[in-house]
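Asker: Here's the letter readout for the chains.
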Amino acid sequence: MENKILDLLKGIRPEFDFQASSDFVEDGMLDSFDIVTLVDELDRHYGISIDGIDIVPENFASVGAIRAVLLKNGARE
Amino acid sequence: MDLITSPRSVLEEIEAVKRGSRSLLTNYYPNEELLARWIGAGDLSWERIAGTTFLFKREEDFLRLLYVSPSSEALGTGLDALAGRSEILVTEVIAKAASGRALFDLVGRHGFHPYATLVRLSRTGLPAGSFAGLAEGVRLAAAADAPRIHRLLIEHFDRFAEQIQSSGEIGREIGAERILVCESDGQIAGFLHFELSGLTSHLRRWFVHPRFRDLHVGSKLLGSYFFLSGKASRFILWVLQSNENAIKRYIHFGYQEDGLHDGIFSNKEQMRYGE
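So the sequence lines, in the order shown, correspond to chains C and D.
The numbers in my numbering rise by one with no breaks, and the one at position 56 of the first sequence is 48.
The numbers in my numbering rise by one with no breaks, and the one at position 203 of the second sequence is 636.
Hints are not guaranteed to be accurate.
[Unchecked claim] Computed beta-carbon distance windows for the label pairs:
id: 1; chain 1: D; residue 1: ALA449; chain 2: C; residue 2: SER24; range: 39 to 47 Å
id: 2; chain 1: D; residue 1: GLU480; chain 2: C; residue 2: SER24; range: 17 to 25 Å
id: 3; chain 1: C; residue 1: HIS37; chain 2: D; residue 2: PRO580; range: 28 to 36 Å
id: 4; chain 1: D; residue 1: GLY541; chain 2: C; residue 2: SER41; range: 24 to 32 Å
[Stated by the list, open to error] Result set (DSSO-like, lysine-lysine): computed pairs, CA atoms no more than 27 Å apart in a straight line:
id: 5; chain 1: D; residue 1: LYS701; chain 2: D; residue 2: LYS529
id: 6; chain 1: C; residue 1: LYS2; chain 2: D; residue 2: LYS490
id: 7; chain 1: C; residue 1: LYS64; chain 2: D; residue 2: LYS451
id: 8; chain 1: D; residue 1: LYS701; chain 2: C; residue 2: LYS2
id: 9; chain 1: C; residue 1: LYS64; chain 2: C; residue 2: LYS(-4)
id: 10; chain 1: C; residue 1: LYS2; chain 2: C; residue 2: LYS64
id: 11; chain 1: D; residue 1: LYS529; chain 2: C; residue 2: LYS(-4)
It should be emphasised that the hints constitute simulated quantities derived from the structure, not laboratory data.
Where a beta carbon is used, it is the ideal one built from N, C-alpha and C, also for glycine.
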């Protein structure tokens, strides 16, 4: 799942090295519109629909945080 | 419309709308510091209509309409209820050009009329060439520049489409060293407002006074901006789609459209950008 998340991130913002960051939002690698795009991509890839309450920047600040929000919303590893 | 008196109540209201929504629509991304300022100034009201929370940010002579909606149906019902109000309401829809047409059409079908469109441009990495320091004649703005910059904004920018900051807000940006000015004969020939956020640098405004065009004021400001943004690897900005000259200049400096559009809509059909 981590590798797939990194692939999707790279697809959205190819100019950044997401593995070198511990906080994608703080480091200016993802903005609000990127997060909306990422949610769409994650929903489509994992066949889920992420709850609106979970769409907050801190849930998309790292691969670990994204994995947690995916699992919470029913995605399978 | 009820006046909002605490940031906490707004955040809780937004959470209530978001909870359980699987197709959330919003043009509001909370910034607690800004929210506290708006509330402290008595500029923010709200109303919930058919499940959508609307926030009304008071501007000089209109209300900027922000929404958090659980679905497109709920948003459409809410916009219908608001469209006939006597106040000028201005709202925006940010979406990818390719897939966002449906959202633009939705707002248009529910009593709001297109006013202007902004497009986002971006570039990766610094342009070739050296930016060893601030260009000659360019300096960071000082507190005393705030009223002059505010006046230029009022005179040369569109308040509905381009969000004119107050003199106080400009003062705060000057304090954060986010505004550059280029002076000539004691007058502001041009200024540039930017915001650096980690690896992304956002060019918020780049202005050259018409009397100082063709004197390289713009390129001096932009070169100085690139120097100050040296750690950034992504550069973004929004520009009016109709401003072809500005877009050409940005493209000259390596920017290109990245597919994101910002549609500005008003409930008053007779309002048109530039008129």
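Asker: Next step is simple, just say for each hint if it's right about the structure.
Answerer: Outcome of the hint check:
no., hint, in the structure
1, D/ALA449 <-> C/SER24: 39 to 47 Å, "violated (20 Å)"
2, D/GLU480 <-> C/SER24: 17 to 25 Å, "holds (23 Å)"
3, C/HIS37 <-> D/PRO580: 28 to 36 Å, "violated (52 Å)"
4, D/GLY541 <-> C/SER41: 24 to 32 Å, "holds (26 Å)"
5, D/LYS701 <-> D/LYS529, "holds (25 Å)"
6, C/LYS2 <-> D/LYS490, "violated (36 Å)"
7, C/LYS64 <-> D/LYS451, "holds (16 Å)"
8, D/LYS701 <-> C/LYS2, "violated (42 Å)"
9, C/LYS64 <-> C/LYS(-4), "holds (17 Å)"
10, C/LYS2 <-> C/LYS64, "holds (23 Å)"
11, D/LYS529 <-> C/LYS(-4), "holds (23 Å)"
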